[in-house]
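One letter stands for each residue in the lines below.
Protein chains: 4
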Amino acid sequence: MSTDTPQTSHLSATAVTELIDASFPQIHASGRVMEIESVGHDIARVRMRLSEHNTRHGGTISGPAMFTVADFSIYVALIGRLGSAAIPSVTSNLNITFLTRPPARDVIAEARLVRVGRRLAYAEVALYSEGSSELIAHATGTYALVSSIPKA
Amino acid sequence: MSTDTPQTSHLSATAVTELIDASFPQIHASGRVMEIESVGHDIARVRMRLSEHNTRHGGTISGPAMFTVADFSIYVALIGRLGSAAIPSVTSNLNITFLTRPPARDVIAEARLVRVGRRLAYAEVALYSEGSSELIAHATGTYALVSSIPKA
Amino acid sequence: MSTDTPQTSHLSATAVTELIDASFPQIHASGRVMEIESVGHDIARVRMRLSEHNTRHGGTISGPAMFTVADFSIYVALIGRLGSAAIPSVTSNLNITFLTRPPARDVIAEARLVRVGRRLAYAEVALYSEGSSELIAHATGTYALVSSIPKA
Amino acid sequence: MSTDTPQTSHLSATAVTELIDASFPQIHASGRVMEIESVGHDIARVRMRLSEHNTRHGGTISGPAMFTVADFSIYVALIGRLGSAAIPSVTSNLNITFLTRPPARDVIAEARLVRVGRRLAYAEVALYSEGSSELIAHATGTYALVSSIPKA
Chain A
251 MSTDTPQTSH
261 LSATAVTELI
271 DASFPQIHAS
281 GRVMEIESVG
291 HDIARVRMRL
301 SEHNTRHGGT
311 ISGPAMFTVA
321 DFSIYVALIG
331 RLGSAAIPSV
341 TSNLNITFLT
351 RPPARDVIAE
361 ARLVRVGRRL
371 AYAEVALYSE
381 GSSELIAHAT
391 GTYALVSSIP
401 KA
Chain B
251 MSTDTPQTSH
261 LSATAVTELI
271 DASFPQIHAS
281 GRVMEIESVG
291 HDIARVRMRL
301 SEHNTRHGGT
311 ISGPAMFTVA
321 DFSIYVALIG
331 RLGSAAIPSV
341 TSNLNITFLT
351 RPPARDVIAE
361 ARLVRVGRRL
371 AYAEVALYSE
381 GSSELIAHAT
391 GTYALVSSIP
401 KA
Chain C
251 MSTDTPQTSH
261 LSATAVTELI
271 DASFPQIHAS
281 GRVMEIESVG
291 HDIARVRMRL
301 SEHNTRHGGT
311 ISGPAMFTVA
321 DFSIYVALIG
331 RLGSAAIPSV
341 TSNLNITFLT
351 RPPARDVIAE
361 ARLVRVGRRL
371 AYAEVALYSE
381 GSSELIAHAT
391 GTYALVSSIP
401 KA
Chain D
251 MSTDTPQTSH
261 LSATAVTELI
271 DASFPQIHAS
281 GRVMEIESVG
291 HDIARVRMRL
301 SEHNTRHGGT
311 ISGPAMFTVA
321 DFSIYVALIG
331 RLGSAAIPSV
341 TSNLNITFLT
351 RPPARDVIAE
361 ARLVRVGRRL
371 AYAEVALYSE
381 GSSELIAHAT
391 GTYALVSSIP
401 KA
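Chains as they are written, first to last, in our numbering: chain A, 251 to 402; chain B, 251 to 402; chain C, 251 to 402; chain D, 251 to 402.
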């Protein structure tokens with residue numbers, strides 16, 4: 251990854267929310283499940299509200315739902331850092347480890363940008379259950395900042 | 251992982267489908283998107299049908315949807331190999347690399363069980379677009395075979 | 251992973267060094283390259299001294315050497331936390347991302363235990379070059395705490 | 251990753267060995283441990299000979315040694331495919347899962363290039379013990395094909 255860190259234009263949680271809503275209106279088709287709680291220079295905190303779509307029998311959160319909020323929280327952190335230039339970014343790798351079976355509660359994902367280069371960004375994400383300080387999952391992800399990935 | 255491979259009771263695609271349908275009737279709440287096409291001794295092939303839920307603007311498949319089918323295909327392979335004993339298995343790690351931007355077509359996930367121990371199973375998954383032999387993503391995953399993961 | 255955290259018997263850097271030296275005298279056959287600088291409740295800091303074995307042409311650190319110190323720093327943190335009970339632990343997964351080409355200087359690995367269960371422990375590691383606060387690599391690792399891995 | 255596959259100039263095992271020996275004469279300072287057995291269009295097979303440096307007490311192979319041969323086998327496959335243009339390639343990620351405790355025997359690493367783009371290549375590696383068909387470890391790796399990674 252390059253050390254030529256791009257221009258940063260740090261945005262607020264509200265600004266990032268508006269930018270994503272404008273770019274992906276369909277993201278809230280089944281209700282507003284993801285809520286961007288805060289965005290900092292290299293961090294973002296996203297709440298995934300409990301819904302029938304992300305819960306599973308026995309009262310737990312589905313793995314794909316945890317993947318979704320982990321991935322999304324990195325995307326939010328990137329937009330917070332880089333502004334609309336990060337909108338076309340795409341995930342190139344996401345590695346998630348599930349540490350404990352979470353209860354059926356909101357999930358909080360805290361992403362931290364570890365390195366933002368010209369072409370690639372690398373981040374880590376800690377996932378918690380609402381009201382608990384114990385991690386339920388941990389992820390690392392790499393995003394391609396400019397989508398040079400052609401159609402197959 | 252242990253080499254004490256558990257008893258195997260290889261099931262057909264139909265038998266695995268019935269077992270999963272009986273255990274998770276809610277999985278098809280929004281329509282039958284995942285179709286188990288074939289199950290072998292250590293492989294499974296799952297088709298994720300194109301739907302409004304797994305496509306994104308610009309005509310591509312969402313990353314979380316590809317995660318979902320990759321994860322599910324390993325689960326199917328485990329049930330094919332171990333029978334209903336594998337139903338309570340849970341993902342402990344999934345690492346997915348997106349190789350190219352897929353077109354808006356059905357996704358085929360081919361899981362291969364690399365190692366099945368007493369407590370852990372490790373598999374790899376190749377993801378293709380319908381009608382193409384080029385990989386769109388590749389994943390590796392570890393499942394905990396007996397859910398000893400307590401509630402948080 | 252289990253939440254039944256085992257008994258902890260937090261050791262000092264000196265005590266961990268002595269324990270490892272006694273268990274693996276051959277580790278210093280080619281000189282004392284790894285130095286345990288500090289050990290806390292869930293962290294460990296290890297310095298890998300520059301040597302002809304870990305440098306590469308052009309004045310950089312080899313990838314395998316960075317893997318080695320990342321892996322070792324998790325092991326040190328586990329022994330610091332669990333005492334001699336952690337000596338037979340073995341790595342079950344290590345995922346390392348190289349973020350920048352490091353200069354030919356000592357490498358500092360800071361491991362943090364994210365979760366320690368009965369059977370598995372999960373940690374993350376930040377790698378720095380001596381005298382720099384910029385990460386050169388980041389790793390996550392899973393250790394099997396009791397070696398139930400049989401000989402092949 | 252890009253689909254613009256670069257020019258391929260497939261080399262033999264002998265040609266790759268000579269190219270690597272010329273570029274990294276110091277690689278054999280402690281004896282010739284790595285032997286390139288075969289190279290194909292997108293595969294490479296490397297043998298890591300047993301030595302005092304890669305064995306551990308109790309008669310097993312060290313984790314870092316398995317990382318080293320996994321990483322090296324991908325590098326060999328890339329040079330086999332791309333020729334000397336791949337010499338400056340560097341590992342950007344390597345994820346290795348240890349499946350069983352290997353005996354103190356030669357290790358065989360079989361790398362397969364899954365995707366080779368303009369800037370990144372992605373491969374998987376199966377590791378065996380000499381004389382056994384059971385995997386001892388499995389790895390996936392991403393290489394940056396042109397070293398755009400600046401000095402820290």
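It is possible that some hints are incorrect.
[Unchecked claim] Here are a few chain A residues that sit away from chain C, every Cβ distance over 12 Å (derived from the structure):
hint, residue
1, THR267
2, ARG282
3, MET284
4, ILE293
5, ARG295
6, GLY309
7, THR310
8, SER312
9, THR347
10, ARG365
11, ALA373
12, GLU374
13, ALA389
[What the hints assert, rightly or not] Selected chain D positions facing chain B (in silico; Cβ < 10 Å):
hint, residue
14, ASN343
15, VAL364
16, THR392
What the hints contain is simulated information worked out from the structure, not anything from laboratory work.
Remember, predicted model here, so these are calculated numbers, not experimental data.
Note that the Cβ used here is the ideal one computed from N, Cα and C, for glycine as well.
Which numbered conditions among the earlier hints are violated in the structure presented, ordered from lowest to highest? 9, 10, 11, 12, 13
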